[in-house]
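Just so you know, the protein sequences line up as chains W and E, in that order.
Mapping of the first sequence onto this note's numbering: residues 1359 to 1856, in sequence order.
Mapping of the second sequence onto this note's numbering: residues 1359 to 1856, in sequence order.
Incorrect hints may have been included.
A pair holds if it fits inside one copy or across any two, identical chains being indistinguishable in the list.
[As the list claims (entries may be wrong)] Pairs of lysine-lysine residues, derived as DSBU-like cross-links and limited to a Cα-Cα distance of at most 35 Å, are as follows:
(1) Lys1395 to Lys1414
(2) Lys1568 to Lys1848
(3) Lys1373 to Lys1803
(4) Lys1803 to Lys1395
(5) Lys1374 to Lys1568
(6) Lys1685 to Lys1793
(7) Lys1675 to Lys1568
(8) Lys1568 to Lys1477
Derived from the structure by calculation, the hints contain no laboratory data.
Protein chains: 2
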Amino acid sequence: MELNYALEQLSLLQKKMYAYNSASSALYLDSVTVAPKDTAEGRGVALGILAGESQKLMTSPEVGELLSFLSEHKSELSHVEQRQVEELQRSYERMSRIPADEYMEYAILTNEASDVWHKAKETSDFALFAPVLEKLVNFNIKFAGYYDSTKAPYDALLDEYERGADMAFLDEFFGTVRERLVPLIKAIGEKPQIDDSFLHRHYPVEAQRKFSDYLMEILQLDRGHCGIGETEHPFTLEFNNKDVRITTNYKEDSLADSMYSVIHEGGHAKYELGIRDDLQYTCLTGGVSMGVHESQSRFYENIIGRSRPFIEAIFPKMQEFFPEQLKDVTAEQMYRAVNKVEPSLIRTEADEMTYSLHVMIRYEIEKQLIDKTLAVKDIPQVWNRLYKEYLGVDVPDDRRGCLQDSHWSGGSFGYFPSYALGSAYGAQMLQNMEKEMDVWTAVGKGDLTGVSAWLGDKVHQYGSLMTPAEIVKNACGQFDPTVYTDYLTKKYTELYHL
Amino acid sequence: MELNYALEQLSLLQKKMYAYNSASSALYLDSVTVAPKDTAEGRGVALGILAGESQKLMTSPEVGELLSFLSEHKSELSHVEQRQVEELQRSYERMSRIPADEYMEYAILTNEASDVWHKAKETSDFALFAPVLEKLVNFNIKFAGYYDSTKAPYDALLDEYERGADMAFLDEFFGTVRERLVPLIKAIGEKPQIDDSFLHRHYPVEAQRKFSDYLMEILQLDRGHCGIGETEHPFTLEFNNKDVRITTNYKEDSLADSMYSVIHEGGHAKYELGIRDDLQYTCLTGGVSMGVHESQSRFYENIIGRSRPFIEAIFPKMQEFFPEQLKDVTAEQMYRAVNKVEPSLIRTEADEMTYSLHVMIRYEIEKQLIDKTLAVKDIPQVWNRLYKEYLGVDVPDDRRGCLQDSHWSGGSFGYFPSYALGSAYGAQMLQNMEKEMDVWTAVGKGDLTGVSAWLGDKVHQYGSLMTPAEIVKNACGQFDPTVYTDYLTKKYTELYHL
């Protein structure tokens, strides 16, 4: 094989994967936005074929040979090409180790599980979901062995979502979170509570849409490259660094819901839009890991979006969009309201302070499920006990308890911790950012140029060129979870006069 | 090869083509509805790759062998399988003749051309579009040779959209149209004109959307399988017979524009939704030709939608949707207004009578473009001359002249004539329908069940199982353009007291 020919094939292979991903993304986007309701069947046929073609491509012997050849000529490749070969070889080996029949069986199982979970959640019937969940757990234990048989199964699964993270690392992280935040939340609970009732006045969707446009502007999201749509669950979907979509969900009795969805998804979008052009249409584009991605979305959502300077900057504009609803409200009241701490049942609606405890509960349960020290049937009992212990709330039913999230039904075990890691990374990014520049004067004027440039420089541009650990090192320095707990302690001590 | 195995492969091949088509459709749908404006580049890369893969699949030696094998075992196949093999073999031979790199290049070009055309139209700058158009013309001349080198290039292109139609056939058809309709239009011009000013009162988009919902209901389009969206240019897009999308465009100063777009696209949708289940995910689904497709859309739009009984049936409901705007209007005035003949500049807004002359102008220009007797740069001049000659109107700029339609930017040459053929087919279908049933009593009650069943039976169900000529024969009998010109003469003689 000629090296130049091999490099052309390498580029074409990645463009094909990009095309399959774009196709599936477009079909998915359609399905959750405008598709008529009884059209799932035909879309399923198309998505199944596309997934099969993409899997066949990535496990073909020709691709194996191509990657071997390029690995042998590593020294002749550019750094970017080397990294492409490394990442593709890693995927190739992993995918090749999963027997085709098991992969197919698993695909059918997750498809079925999604249906069963929906029904179980609707009727709050965990027993209905348990048998499928058990199968999913067993598949994941088996797959963990294919991913990396030298590791404990849960470590191998964690590595899929946040390469380098393992139980030793997460036990220490969540240990700090538990030790520092649980007492803090208790102390807050004993203080007079913040009044956020004005956030639940009537906020018409039309006015909220205009407010979203304004937020997109403040976030400096170029509408020529970043669309905003409406779906039941907000998400970010990237086609490439010139085409990213975010969605939000408007609730007329809540101002903060969509506001923080837009800022959160906007943070994800800024990451994708900030990736270097030369990484486009390759396996190195896209945010490097779930944890790093969440660090960006939660940075914008919480560290910036729920800061006093930011609220002070945008509040006059908020009053213009909602003159009646906010006429008797001050910026300070708004700042306090969007930071109200309220232990609750639902992770996706949790405040900045309690959020990581929701995640910790799932981490503890997953860890035991995968190492088989917890039986599937006992999940509800452990779930409810931990919610009482960490958050002080009573879980009234499994619908609002262990059936609330879709992740397990989709076969994702090891995904949750990344949600909390992101917040911790973000706090360290802020610390470093503050050392290098005056963050808050500009934010206080509604100018996020500096923040955007810093994150673009340290994180966004690299896409997946560096590993998650390298990106974290680059933007955070040595990982230290107390920076995160200190950040929260300081902010909420002031807010609640602790 | 085992016959059963070969049949499985035949089915899989067609499912793959379906998946590629679905993928491209979803990307296209996104691009014209919600995609941010500066995102064409990445979408072009994905569409190019998908087109390439689809082309590679359909020209692979394995497929060639499969189709040969099945052709040899034709007698052992069902009728449907035989037709699949015939059609696939036809495509296989045609596509095998187009070099893969040219095909890919062309896919990228059409994506780019769409952008350029938009800009050129916006600024009425034909010179901006001309170089791309020239490339598109040259590609089409070259492709025509690949399709069928024994034919004149334009005949080969015509055959792609309406198999069996050629310049000899169309010259005769348009000859009748020219001879019979041009004098009729002149005669109408000398009569007192119909007052349709009330169609241009203020019709708020929100009320028009509700009116569209009503029209979808009257057309008996199941919203669980047929969505309606909004785009600059209305169109119908089918994924399969359970998933069809139509779009419309609301103008607040015009009631009839969107109304007839919905009915027109609804006619296309009814065709696609009426195709038999056993043809789904095969090459035999989808309307059989552009001409037959237009016969359905224009049947609903004009023959039904602009008939006196239909207007009488829906007019009370129209008054409910637009009480202020229509309070001083009668059903008869509405009937006359939606049938006002007014030679104009814009094809898509043309009335039933002048429409085919707009098409004829494009036919004459395309014919000369493809046989190279007309240079691209001279299009505006010829265009403007023909509009004066046939319709008596002066074209003020290219935006409202030769840049008005998107077809050429999409690489479609030979498509236009089908628009006029469809109307002629429709008139013959009506003639036959009237022989077999009482069409107008039910239509006069707003009940289209009978019409729908007749068209479903004679046309829709077959998809592409029969050829266009067979479908036309089945529904129209022997083609005779004077049935169409007689239909128009009778209707407009009464309307204009000629």
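How the hints compare with the structure:
no.: 1; hint: Lys1395 to Lys1414; result: both (30 Å within a copy, 34 Å between copies)
no.: 2; hint: Lys1568 to Lys1848; result: within (34 Å within a copy, 53 Å between copies)
no.: 3; hint: Lys1373 to Lys1803; result: neither (42 Å within a copy, 56 Å between copies)
no.: 4; hint: Lys1803 to Lys1395; result: between (45 Å within a copy, 29 Å between copies)
no.: 5; hint: Lys1374 to Lys1568; result: neither (38 Å within a copy, 42 Å between copies)
no.: 6; hint: Lys1685 to Lys1793; result: neither (38 Å within a copy, 71 Å between copies)
no.: 7; hint: Lys1675 to Lys1568; result: both (11 Å within a copy, 34 Å between copies)
no.: 8; hint: Lys1568 to Lys1477; result: both (33 Å within a copy, 27 Å between copies)
The earlier numbered hints that this structure contradicts are 3, 5, 6.
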